[in-house]
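Chains as they are written, first to last, in the working numbering: chain G, 1 to 450; chain D, 1 to 443.
What the hints contain is simulated information worked out from the structure, not anything from laboratory work.
Backbone N, C-alpha and C define an ideal beta-carbon position, used for all residues, glycine too.
The reader is advised that the hints may include incorrect statements.
Stated by the list, open to error - Output of the computed footprint for chain G on chain D, the stretches with three or more beta carbons under 8 Å from beta carbons of chain G:
#1 168 to 182
#2 294 to 304
#3 360 to 367
#4 401 to 413
Unchecked claim - Over 12 Å on every C-beta distance to chain G, these chain D residues come out as not near it, computed from the model:
#5 TYR7
#6 GLY65
#7 VAL339
#8 ASP349
#9 ALA351
#10 ASN428
Chain residues, written in single-letter form:
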Amino acid sequence: MSHDARICCAEHARAGAGLPAIEPGMPTPAGTGLSRRSFLMRSAGLALAVYGAGRLPAFEEGIARAQAGGPGTVLVNVFLDGGADSLSILAPIGDSEYRRLRPTLGIPEGGQAFSEDARLMWNPNAAPLAALHAEGKVSVLPAVGYTSPDQSHFVSRHYWEVGALDAGLRSGWLGRLLDVVGSDDNPLQGVSMGGSLGPSLAATRVPVAAVDAPEDFGFWAPGSWGPPGDLAIPAFADVGRALARSRDPAVAQAARAAAFAGGVRASLAPLGNDGEPTYVPQATYPTAEHRFPKRLAGLAAMLGAGLPVRCATLTAPGAWDTHANQAEEFPQNLKLTADSLFAFQRDLEARGIADRVLTLVWTEFGRRAEENGSGTDHGAAGIGFVIGTRATGRMIGEFPGLASLDPQGNLRATSDFRGLYAALAADWFGVDPAAVLPGGGGFPRPAVVR
Amino acid sequence: MSRVPRYRGRFGPEQARRLLWRAGFGPRRGQAEKLARLGLDRAVDSLTHPRSRRLKGPAPRDEDGRPLAPRDAWGHDHCWWLDRMVRSQAPLVERMTLVWHDWFATSKSVATTELMLGQNALLRRHALGSFEQLALDVTRDPAMLLWLNGVDNSKWDVNENYARELMELFTLGAGRGYGERDVRELARALTGFAYTWSEGRGPHDFRFDRERFDAGAKRVLGKRGKFDWRDAVRLSVRHRKSPSFVVAKLWGYFIPTPPPRGTARALERMYVAHGRKVRPLLDAILRHPHLYDPGRRMVKPPVVQAAGMLRAVGRGIDTTAWSWLCDQAGQMLFEPPNVSGWDDTRWLDTATFRARWQMAAEICNEARLDDEAKRSGKPAELVRRAARFWDTPLSRTTRGALERYAGAAMAAADQEWEREAYPVLTENALRMLIAVSPDYLTS
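One chain only, chain D, in its complex shape:
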């Protein structure tokens, strides 16, 4: 039986930086060097077995210095979670919470913000835990019951919405091991949920109501029985096609190319042997050679980049602009585009590129060098300083293009005052150019 290969190359700051971007939200200043000193094993362990889940640093504020009101004010929910990404001492827990939000994508466009925050706590609780327990709890989660019409599904009026997505998107994959008949029968097993709605309180008192449940026999995925919602979830999660789906999907959040066949099989066995727990999978994936392959870069999701930029410059949430900035970049938390989540293969086009520019401008505007700063006008020196601002290395190609820009900008200085002023203006612009360079948009 093949095993999961393990990375044996150098584990320096560059690899640690990659690990922190993939399994978290990028390094704070100096963090990559510190993590590198631990070596690969202890570095990965520090992520998969975090010693503290506490948040570190000043509490988030809006632009007027007031505490956030995530339940009440538009965009504050997004910033509330973004703040956790910036300040968490357990970045992988926060990153996996984001993975589950994408996996079981639910939107406040249907559920209430209050319920979304409840679901968020649920996802965080299960972040590194059992996939089966997570799927069970998500199935009866109030936000999900509203979002995919679980509460509209009764023995009198069968609503297929959740049954279909449970198999297609959450546990098996489109058309893998089930047919239209299974969708309809599984929907019957999932009947019975109810809730109450009232003026003022909104939707509440989510419950299982025997009256609404179809107690008859169902034929699902080749099995027959008087299945209920728990059976429905277990039938899907324990189906023979599910481990390969879970492993490949989870892998895809960390590594852009599919797992080699042997690795995939080994991970699937590991997953089943460990009672469908996720932590052992993460332990293996985060040590896999492909994670550290320089030729396998991934585009940073918008909220990951936003949190990472804030971490890099040591800034917290002090404006709710991050909600619309991330929205324009294509990732508003608690509002994924649809039940299949965000499309991780298409983060960047001309519109979302501009939004990344604006995210960078939010950082750079606060941190801009003032006109009095003294700078050498040497292009290489200007580029080096700007890269240090983000604490990021640059490829030779990018550095070359940026130095050409700096040279052209400085060459435009004819007057004495221009020769003095342009280095600062150029370095400010270089920070922007680095933030939107392919080097920094990917990790």
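Next comes chain G alone, as it looks inside the complex:
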């Protein structure tokens, strides 16, 4: 972190004068090359958080320690909510069935050809993805899914979120990945950029966080200032730590949220306050009502500042569940999503951190090959992308064609999302897939990381 952060935090530390000393027995940050004093200086509010630290460690310290361990690889997980119509993103205009199945919704010719399969054409609204693909930075999964596809949004999304065809599994696949690569005192390691926590981040052991924007995570107590006001933030975290291991799940959830929020607040303080960012995006993001581009910009800044994020989740703008009026809603959602992802990639490249970030774009299923009038109903195999300078840039599984649909008229899967997850776990995070995915060794692992 910058020199400025140190100045700001020294002031905070002074405000905490008169507090009890650090509890005996608190872990020291071994092997980081940093003294305890430097932690106190680096992390806003840390000195305040340490008193009476309760049964969990102080997260400010955990975050700082994770940060001092050096940057790790990062997976950004972007969800297209509702089941995006893959046949309108990479349109199979060279497939003789396409115009018959999609008389009104078929994408007109004139888009950029997909270089890896002559039948397919990029929707013009996805041109930024086509550009990144041309640079070798996009691996396309043109028909990704699983066997016996479920056409319920909630069941199919659940499978993807937990990384298994198991309706009863309560932890997310990224959560279990963080259980292995993360630490039990760094909630920023898994962060949802948005109003609530992404289900895939649900961990069994380690903390995770949700943040709408890094510059928007302040806590102000009306009618309180000076030490009583400053101490209030570490105090709610302290209450949270004291109850975080409650046997009552509701109490534990509330307590952990409080404890993690206190740690996250301290780490984000240098990136802005009261909605005013102090960071400058290193690329031009689209302006939009939806906060997706802003959240990506905030995430790039957090990564640029060296915050120890390993997995991040976001939801792409718009409703992709286009049962009706698909021609009106779909194009603008696709454009905003593609433009934002492009800016994010350029931002990472300008910051010199692109080599440690991969972005996975997914949706719970594709849509029925045959349109229903003005829209499309739920389908089976869908589309996925892995974006980044370290992506292989090669197609994973082929486009199966519209002549061999399944008995319900849906696209058949040519790759399995669990194989993709296994490859990311092994080749991007260096984790044995069996530790993350039930039966994780069993699926063929595509070459996704170069």
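Given chain G's structure and the hints, the job is docking chain D onto it.
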């Protein structure tokens, strides 16, 4: 045959407070004590058989003192309903309206606000009534017909959206007793709805149009016939797998752990025997021992907490800030995240925790103690006063942590003026800390 067990323990203010948070929107000052004096039976009856459905107290206003315009101004619809939660004398009716909004989750992101308010009245009308009648009326409700494409479903272009969710989310549960073929056939039975759209009036004249209806025979859920939309609903609601779904889901809104097997079976029989009416189920669930078990707490949904805080401090809706405050906390009324409603198991994470903090700040800012107030600087006394502000008890662990905070805050006072000023500053902050403590975020 087993029966539904009944709570036989003490019914004091603590239990009454729990009941009011679960079956309503928390107590007004003194209400828990008053309800406790009635005893469990009459207390539950007062909720399930409310004597008045009138609203009590001053009408809601926006920040400029003007009446709300729920049909026209952003966020006013949310505040309009929140006001009913604050002022209703029939809290369970309002709470069940919220339950049905979550159950048959419909969003103004597709339907218009006007239609959403119409649906809201429908849900309130059926709040404690027949589930079957509710499901029938929801099926032809204009907001729902737009939301799940009922009006896009015709014999020429079958749209499966409503058929799937009717079985999966509303009546049977995912994969319980039906398959993909049933979805497609049920969708055919649900064809026929139409509407008109015009500039100025928007969507209107929702109707059943025989021309659009597929009058042929369908094979649904093991039965064959020329079914229409009413049959579709009845086939789903009267399916043998439906009572267990309805009972377990309804139970889950009030008690966080699933019903014991015997209790569930007894409730299912009760539900069917009473013609699929909901009130007898509520009468039984609200008297069940698990509702009063101190070890089974539930996180308060954001709008429940917002309404409850306003009730606790005796304040009404006087700002539309409640719309974005609740939105950030994860619950914008008339705009559930999707057709499965809100996820009640995941209200709190770091982002939504901060939003709860901001909700509390909206209350505390208006009520802050001014700098001149005289206060003792004793930590225990400061914590006690702050807890009285919310009229809430605190666990020993929380009280201990808060007293440590108050002690540290007071210990930072070196100067004479600081020793005089800090108690007020500390008590103001303690009110915030209590509002976001696990004790108050759950009930």
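Comparing the hints with the structure gives:
no.	hint	in the structure
1	168 to 182	holds (count 5)
2	294 to 304	holds (count 5)
3	360 to 367	holds (count 3)
4	401 to 413	holds (count 9)
5	TYR7	holds, 19 Å
6	GLY65	holds, 22 Å
7	VAL339	violated, 8 Å
8	ASP349	violated, 4 Å
9	ALA351	violated, 4 Å
10	ASN428	violated, 3 Å
Consistency with the previously given hints fails for numbers 7, 8, 9, 10, ordered from lowest to highest.
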